[in-house]
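Undergrad: Listed below, chain by chain, are the residues.
There are 2 protein chains.
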Amino acid sequence: MQPLRSFDDLTSLLKRSTRRVSLAVVCGSDEGASRAAVKAVEEGFASVVFVGHTDKVHALPWVENAPKEFVEFLPACDDAEAATKAVKLVRERKCEVLVKGLLHTATLLRAVLNKECGLLADHGVLTHVAMAEIPGREKLLCFTDAAVIPYPTQAQRLVQVEVLTKVIRALGTPVPRISLLHCAETVSDKFPHTLGYGEIKELAAQGRWGEVLVDGPLDLRTSLDAAVLKIKGIHSCLEGDADGLVLPDLESANLLYKALPLFCGAREAGILQGTTAPVVLPSRGDSWQDKFLSIAMAVMSLN
Amino acid sequence: MQPLRSFDDLTSLLKRSTRRVSLAVVCGSDEGASRAAVKAVEEGFASVVFVGHTDKVHALPWVENAPKEFVEFLPACDDAEAATKAVKLVRERKCEVLVKGLLHTATLLRAVLNKECGLLADHGVLTHVAMAEIPGREKLLCFTDAAVIPYPTQAQRLVQVEVLTKVIRALGTPVPRISLLHCAETVSDKFPHTLGYGEIKELAAQGRWGEVLVDGPLDLRTSLDAAVLKIKGIHSCLEGDADGLVLPDLESANLLYKALPLFCGAREAGILQGTTAPVVLPSRGDSWQDKFLSIAMAVMSLN
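Residue numbers (my numbering), protein chains in the order written: chain A, 8 to 310; chain B, 8 to 310.
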């Protein structure tokens, strides 16, 4: 498989696949989630179970016109029950991806994080992976965590490296290049986030995450621009060509996530990881097209 | 005065000015600082005193060809003495802007931060203000702090608001719109940086920084995109049209500072503030043209 260079590469590949992945859409009565899910059905790579808000979902024009054999409905009394039922579908492997519709994030996450019947993996860490298609750049850029963990502990950071590596590999890059990002190339007490980077590099070298290249701290330019790396006289196994960035904290990652579309016209997708199945949890401002890209990313990450 | 919309606006304005600002360039034997300073001389808005490394500076072709009446030389035994002498010129008001050349940042800052004969203002806070010209955006965007204070205390934050406001006003915007930036529009214990934002808004309303509009926490989009502000149903006195951003910490500000040129082809300048005179302290990777923009920004900030 060739590495994917754009979202069009990604959706083309999924269109050609013969397998449909089953989506559980929770309270999909908003345009965004339902229309994005139906688009994935139409493109041939998904089937969908709408859980909750079923009367309203039925009446949506794109749902009415969707191919009936790939669309199911499961009613629920309220949003909390819808979330619980959808999570159960995923636990029972009847669905493989969970998609948030029109309900409070907290309500959905309560069901996802439930210790007995939720979706958390053994390590118990939920984190976010974003994927950006930036005009003028040759390949998709993945990064973590723009949405969930404010200030990652070292244990959480190890999970971030793991899920980021896994997502990039699923995108067709067998040996992902991961940069542990910071303001400069120095480990410093002044910046506690940098103190754990050495251990992460050691664990990577020991094979903890399979074949992967990890380096850091590197700044954004030395991570992504071979010319700057050379000017600064720095040797890095990533060669200024990172596939993924582990950002120091949520404040910086969230800023990057918002700056890229606003200033560069980038397209972005994002999924929750650390769960036993990917969760698509879009922002309020996302269009249905954005949500479709996130669903595509989630389906791809199952590889 | 019309607000400046671009660096070309800025340099055109300075070219038309009849006043030359005197620059003290410390150890200017590198191409970057010396060539940038000479360019400012040639454009008619600066004179320069090269302090230290004078033999080498003399021999640089652009220095040899510079108009002699606006270029002086002050020798020094070593870099530390050069820094001390240049700071003294600024203290004695013989120079108005300090520019770093080829010496260690620590050596220069030691002289700047010296309690008895340095350049710190009474509040004792040194901070960084960046200015970016982003393709497709209508006006220059200023932000703090991409370079000096890792995690600002509330006292440091107040100085950041003060100097940011001052710089934007000097750029021709009499009532600056300042956004206190964060991931979302909520104050939260989970994000300590947001806890002081309320007090800053109160102080602004009380007139602490003159006529200024301050709002936050706002995210990048609600700070800079009126359409997103409307979609999210948020009322903000900035109306999605901020002139300046106070970033939560250095990690996020530095990331923005590096992302803008790398991903959007932005041009940027930056100066140290909180000192009694602006200090131009470029990054190693900056070209002489970048350094020229920072000198222009420093000269403009004296208004």
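Take the hints with a grain of salt, since some may be wrong.
One copy or two, either will do: identical chains are not told apart, so a pair holds if it fits within one copy or between any two.
Said to hold, decoys possible - Calculated lysine to aspartate or glutamate pairs in the EDC-like style (CA-CA distance at most 20 Å, straight line):
{"#": "1", "residue 1": "Lys208", "residue 2": "Asp248"}
{"#": "2", "residue 1": "Lys173", "residue 2": "Asp196"}
{"#": "3", "residue 1": "Lys122", "residue 2": "Glu209"}
{"#": "4", "residue 1": "Lys173", "residue 2": "Glu76"}
{"#": "5", "residue 1": "Lys208", "residue 2": "Glu218"}
{"#": "6", "residue 1": "Lys237", "residue 2": "Glu38"}
{"#": "7", "residue 1": "Lys46", "residue 2": "Glu79"}
{"#": "8", "residue 1": "Lys239", "residue 2": "Glu38"}
For the record, the hints were derived by calculation from the structure and aren't laboratory data.
Undergrad: Run every hint past the structure and note whether it holds.
TA: Here's how the hints hold up against the structure:
1. Lys208 / Asp248: within (17 Å within a copy, 42 Å between copies)
2. Lys173 / Asp196: neither (30 Å within a copy, 32 Å between copies)
3. Lys122 / Glu209: neither (32 Å within a copy, 43 Å between copies)
4. Lys173 / Glu76: neither (32 Å within a copy, 64 Å between copies)
5. Lys208 / Glu218: within (12 Å within a copy, 50 Å between copies)
6. Lys237 / Glu38: Only across copies: Lys237 and Glu38 sit 18 Å apart there, 48 Å inside one copy, limit 20 Å.
7. Lys46 / Glu79: So Lys46 and Glu79 pass the 20 Å test inside one copy only (15 Å; across, 70 Å).
8. Lys239 / Glu38: For Lys239 and Glu38, the Cα distance is within 20 Å only across copies (16 Å; inside one copy 49 Å).
Figure legend: structure checked against the earlier numbered hints; hints not met, in rising order: 2, 3, 4.
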